[in-house]
Every structure is written in C-alpha cells, then in structure tokens.
Amino acid sequence: MLDTELSIQSGMPAPFHAYQLDDAYDEMFSSAGRPRDHYKRLFRRLMELTPEELEERQQAADLSFLHQGITFTVYSDTRGTERIFPYDLLPRIISAAEWDTVERGLIQRITALNLFLHDIYHDAQILRDKVVPFDLVYSSKHYRREMRGLDVPHGIYITVVGTDLIRLPDGQFAVLEDNLRVPSGASYMLANRAVMKRVFPGLFRNYGIRPLDFYGQALLTTMRYLAPPASGDPSIVLLSPGVFNSAYFEHTFLARQMGIPLVEGRDLIVHDARVFMRTTSGLRPVNVIYRRIDDDFIDPLVFRKDSMLGVPGLFSAYRKGNVTLANAAGTGVADDKAIYAYVPAIIRYYLGEDAILPNIDTFLCSDSVQCSYVLDNLDSLVVKAVGESGGYGMLVGPHSTAEQREEFRRQIQANPRNFIAQPTINLSRAPCFLEGQVEARHVDLRPYILYGERVTIVPGGLTRVALRRGSLVVNSSQGGGSKDTWVLHE
Amino acid sequence: MNSSMLSRVADSLYWMSRYLERADHVARQIDVHLTLVPEQATEAARKRRNRLIACLVGEGYPVEAVDSDYDLVHLLTFDEDNSNSIMRCVASARENARQVREQINTQMWEQINQLYLSVQGTSLEWLWQGQPHRFYHSINQDVYRFQGITDSRISRDQGWHFVQLGRYIERSAETADTLNVDFRELYSAALADDAGDQQTYLEWVGLLRGAAAYEAYSKVYMANVQPRFIIEFLLLNPEFPYSVHFGINMVQASLDALGALTDTHKSSRVFRLAGRLRAMLDFGQVDEIMDSGLGSYLLAIQNQSAQIHEAIYQTYINYPIDDKLAA
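Chains as they are written, first to last, in our numbering: chain Z, 1 to 490; chain X, 491 to 817.
No wet-lab data here; the hints were simulated from the structure.
Bear in mind the structure is a predicted one, so any value in this text is a computation, not a measurement.
Beta carbons are placed, not taken as given, at the ideal position from N, Cα and C, and that holds for glycine.
One or more of the hints may lead you astray.
To be verified - Each computed DSS-like pair below joins lysine-lysine, with the alpha-carbon atoms no more than 30 Å apart:
hint, chain 1, residue 1, chain 2, residue 2
1, Z, Lys320, Z, Lys197
2, X, Lys709, Z, Lys320
3, X, Lys814, Z, Lys305
What the hints assert, rightly or not - Listed next, with one range per pair, are the computed distances between beta-carbon atoms:
hint, chain 1, residue 1, chain 2, residue 2, range
4, Z, Arg83, X, His627, 52 to 62 Å
5, Z, Glu55, X, Glu549, 36 to 46 Å
6, X, Ser608, Z, Thr50, 28 to 38 Å
7, Z, Pro201, X, Arg643, 56 to 66 Å
8, X, Ile644, Z, Leu66, 22 to 32 Å
9, Z, Ala60, X, Glu549, 29 to 39 Å
10, Z, Gly259, X, Gln689, 28 to 38 Å
11, Z, Lys320, X, Ala796, 25 to 35 Å
12, X, Thr596, Z, Met47, 14 to 24 Å
13, Z, Glu53, X, Asp647, 51 to 61 Å
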C-alpha cells in the first residue's frame, strides 16, 4: 500500500519542498517523492510530524548536549559562552547489504595498511619491489626512523582507525582518507545515539538498528590484547593532552566507557625504562597507553623538545617493549595523502586482491606530469597538503578565489611533494532538519575500526554534515555538524 | 580491583568539593545579609557589609570601594577579580570536575554543569531588580543536590574521601572564620550594651543563619540566643554538620579510611595532626575558651587546619618521587 501511495506522488510533499535533488547521490530518495526502501519508515514518520514537533525535539537534543557539556567555548566578551557542536536530528540510514560491503572493504584495507607499516619499518620489501616509490615513504613527515626494526605486540600498528568514506554519484562508497594516527569523533557517534534515543524514541521502534554501545568494551578488549606479554593483568591508561585540548570531552568520555584512568603527561614518569603513574598510594606501573597525543609530542627526549604534554623517556620504555603505545608511533606515514594513491596497489601486493572500496582519483604533485595537470586545473580540483587533516591546508577549486588559487600555485611549486589533488566530488546528500523543513545536505561517513585479536567495526560511525547549503566541507572546524548513523540488521 | 587513584585526580576532587562548598557558603551569607539589612540602621549595615567582605574576600580588601549592597552583591557574586566570588567558585569547581570527568558520574557532572550555566546566564541587573533570594537559594539547592547525588551514588572509595575532605575542611574553616570576624566586633558591642538589644539579637541570628545553624540551634537552646551558646554550638557541638567539631571528626574519619585504602603508615604526620585537632575540640570547654580568649583559640584551629591540608598534599599528592621509588 505504501509503495503505491508514494509512487503516485510526482513531486515532493510538504516538509520536503526545498529538498534539492540533482547529480549528487541522495541517501533518502531514488527520485523525487520515491524514498529508498530503508528510508521509507523515516519518510512516513516525517510526513506525520509537524515542523513544531520536530523543532521541539531539536531543541531538546541541543539542550541535552549543553547540559552534558559536549561543548566548546567561544569568547566574545570576558565571560566565555558555551556552544554545542551542531547536531542534526534526522538519522542517516545504511542498509545491511551496503554495510556488508563497507565492512569487508575496511577490513581488507586496514589489514593491508598494517602489513605495509610492518614492512616499511622492517625489510621494506614493497619498496625494493618498486610498488611504492621509496622516496615517497622516506620523505613523508610522519615516517619515524626510530621505529625501524622495532617489533610491536602482535605486529599491530594501527589499533584504532577512523576511515573517511564518501559516496560517489553512483552510490558506491569510496575511501577519501585513511586516519591512522589519532582519529577522533567516536564519542560523538555514541553521544549522538544516546541523545537520539532520548528525544526521538518512537523513531527507533521496529526499525531494527544495530547497537553501538559495546564500543567502550571493545576498545578495552583491544587494548588488553596489545599489552606487553609480561604484564600480567595489564594496567591501561588513556593519555590526553589535557583539559585545553579540543577533544578533551572525547578523552574523558572514552576513559569512562573503558573504565580506565585518564592521565596527562605530568601524571607519568619513566624510571629504568618503565612507565609509572603517580597515585595516592605511590607509583603504579603502566603497561598500555591509549595515547591521544601525536607522535611529535609523546616524548621530548626523542621527538619535539619543546613538548610539555609528553613524558620524557617514554619512547625508550616503548622500544624496550615495556609499554605499548596504541596506535604505534610512525603510523602517519601510511595515511600520508600521497601514499593514499598507492593503497590499491598495496592491497594487491600484500593480499593479492582488488580493493573492495575504491580510492578517489589522485594526482601526485611530486610527479612532474601530474603536477602540471594540477596547476592547469586548479579551478576544478581539490588540492590537499599531504600531512594535514581536519580540513586544513585544503583548496576546493570550484569554490575558490583567484587569489587563493595563486597562493596554492606558489606553495605547490615551492614544495610539490607536499600536495596532491583530486577531482571535486559531489558528496552524497542526506535529509537534514533545518529551519522548519527538511533539506538535503552533503555528508560523509567515518566508521571506527578496532584492530586487536580480531578486527571490530562499529556498525555505522560518525556521519558528518556540511550544514551550509552547497558546502562540501564537513569538518567541525569549518561549519560542519553531525548526525546519528543507523545500520540496519537486515 | 582498580584501587589506585591518580594524585592529580585526588587534587581535583578535593578542590571541586571545596569550591562548591565555598560557593554554597557565600550564597548563604549574601542571602542572609540581604534579608537582614532592611531592618538595620545604616551604620550597623555598613559594618556588617565590611565584616562579610573580611570573611568572604579577605581581611585586606579595601572596603571603601564597596559602599552599597549593590556593590557587595557584585563583588561576592560576579566579580571576576575576586577569586571567591560565586561565579569564580562555581567556574573553578566545574573546571576541576571537568578534569576528572571520567572519575565522577554523569549525574554529578551534569548537576555541576547546570549550576555553572545558570550562574553564567544571570546578570547583576536582573538579579538586583528581581528576587535575589530566589537566585541564592537556588545555588544552595543546586549544591545540596550535587552533594545528594554524590552521597547516594558514588562508591566509598578514595575519590569519595577526597570529596569529603574538601567539603569538611572548607566548611569548618568557614565557620571558624565567621565566628572570628563576627565575635571580634559584636561581642564587645554586646558587652557594652545590655544583652537583649534588638539590633544585636538580629546580628546573632544572622551569624547563626549564615552558618546554616539557626533552626538546629533553636532545637538545642530554644530561642535563647546567647554568645556563649553560639560558640558552644558552632565550635564544639559534635552533632551539627556545620560545626567545627563535626567537620574535624569527618576529616579524621576520611583520613583514617584513606590511610587504610592506600596503606599509609599509621605514624604519618597527617594522622597526628588530625588527632591533635580533634582532641582539642573533643575536650574544649566553652567557658575556658572564652576566658582565655576566643580569638587565639580560633587562630589555633585555623593554623592546624592549614597544616592538615598541607600534610594531605605531602602524603598523597605532591610527595617526592624519590621516596616512592626506593620503596
């Protein structure tokens, strides 16, 4: 009944009047007025609710984030004002079949990247076989010479990964970025779900949504697996840069979910190549550190000397195998945006398989032919600095000014190794509740992958939304928000 | 199983608790003051204002700058430069709570966060033109709610005891402080006057109310408000939660529990200091105290409390690393 009812409607019903459908893949609609199967119930529900009811729930959700202190502070006068991270009320839904492909693709990719890291820090066979150019690896600013020949527990380098996926216009998921260092956002995924269940319980009924709650425990199990063999019942801590870090909420949230202490560099000391934390009952050993601090800052004796966040001597304890760092040091070389272009080849080299999740076409400015193509097409390409993340160091050609393009041209010519370019991809759009109606906005997806005794992927992940109309940038530093993400049981 | 606690966490829990207790105290004192002044002569009101500033901001504060209750309300509630203003206390409590967010439960955090947001969202003009009592009362209620959540929900582990230490060290210091400042001025005035003077009576009641003690006092002494009874009650009563004696008992109980939880040596200085102060209050007699000078007795209490605070830090928080490595 529902199908015929919907299919006879030619245009879009009331709350969708401003909904934009064009070349971009739409998560909800296959064509105007025709929702995809897994969105039908949400669609029907949206038709029943008045804008006032939706607005009320949006406000309840916002208030809940405010009261939980999931906020950042803006200083407009002497008193700081707390602002919440923008949150959209409407869930993004992924069918079981789609998720199956994503899951297999991610496991494949993570497995290969982990083998790649082990290889380049040991025999570097892949470089000798000229599958990946050796100068690309050794010139990466995240390559850590200090990691050569070091064996990490179970050969696992990338314990926690947050891969950024987008949908191509044909609906296929593709990998935009591998985040292998200190990916963040898992707490927002969990908080979004908790708030959503509170303010919109009716929507969940009978929808068959896969749960996320086990993330904290899975993270703990993964970390325990990585403990140095001699540590018995391991003592695990989360190392945070401290309360001024923008991800501090996430650190406290995850530490609580895992039931482990959150420590700062000043809580730890290294003595005789062993790590201890300063407690009320004296010094207690530490075996595994889930560190949320970049390589550069973990040990001022080895990396940046001016770091106040790290622990002097930590790396020597790590080298001796007395403490595990997760993620391992030096993983950033494998999410370098220039190495990214070689990931399909890396997968083929180690696993003998084709990549399940495709890459986005990538032009390497380190290659002179590709570089001149990039320089000729700055107005249509997206240019990215290879070692950056978070939407920084990026030029979106079609939305750029001539001045910005000139600035990038200068930078690319000065240091071509530092840049790559990709065609501007029209990210898929999903329905969002904005100013009283439902509008389409561009989204991406960051699933979280845990690599321990086995690979665990949380169903879904963090869907980030470019809330500004027409914008393709989903980063929270650039006006992006997020929404709950549902993966269906079937 | 997970019995150890970071020293930094202990430090934050302790100060979170102290700052909340202080915010509660300041709110109650202003509230009492604003309900008393309408019935006071100008000069008495000015003196009272100055005493409040001495107690709640510090003895050295230039009181000339504060020549109205409007100024006083600003100074004690919102002034960013006064580290003991309610706003600063609540912000500091929240900042400490934020640093140990994974250690306190969600309800505690949300309660403290809501208190912070409500103080931040209040302006001086709105408060002054409206109903100040409602605002100050709501701060007291929020703090009680926080303490209620804490008492009913968290395990009696080390964290709990550091929260208790913060609360009761702060509370007894405040009660001792109030007694000290008020008695210095009011007692001599009362001796000069005939006891029973209506203005003085008002002041004594204000003193009791400011220490959250008026109703509890009346149950013990009826409405017979006498200086020596007030001292006996606020200083030596072992059953009243805002008395100095009660506070020190709680401090000692938590120190004992912490000693057991952390295997601290029984002869440690921190236990001796707490035992000594407790004995002084256990055996104190109000007549003797008043004969030999209340001021010096209160000074001794304040000094010993400060020493206990320092000893807690030396034992659990700022200990030298080398001592522990050798062990």
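Going through the hints against the structure:
1. Z:Lys320 to Z:Lys197: Roughly 46 Å between the alpha carbons, so the hint for Lys320 (chain Z) and Lys197 (chain Z) is violated.
2. X:Lys709 to Z:Lys320: 68 Å, violated
3. X:Lys814 to Z:Lys305: Roughly 27 Å separates the two Cα atoms, so the pair holds.
4. Z:Arg83 to X:His627: 52 to 62 Å: 29 Å, violated
5. Z:Glu55 to X:Glu549: 36 to 46 Å: 54 Å, violated
6. X:Ser608 to Z:Thr50: 28 to 38 Å: Holds: the Cβ-Cβ distance is about 31 Å, inside 28 to 38 Å.
7. Z:Pro201 to X:Arg643: 56 to 66 Å: 25 Å, violated
8. X:Ile644 to Z:Leu66: 22 to 32 Å: Taking Cβ atoms as reference, Ile644 (chain X) and Leu66 (chain Z) lie about 24 Å apart, which means the hint holds.
9. Z:Ala60 to X:Glu549: 29 to 39 Å: 49 Å, violated
10. Z:Gly259 to X:Gln689: 28 to 38 Å: 59 Å, violated
11. Z:Lys320 to X:Ala796: 25 to 35 Å: 44 Å, violated
12. X:Thr596 to Z:Met47: 14 to 24 Å: Because 36 Å falls outside the window, the suggested range is violated.
13. Z:Glu53 to X:Asp647: 51 to 61 Å: The hinted range 51 to 61 Å is violated for Glu53 (chain Z) and Asp647 (chain X), with Cβ atoms some 44 Å apart.
Consistency note: the structure conflicts with the earlier hints numbered 1, 2, 4, 5, 7, 9, 10, 11, 12 and 13.
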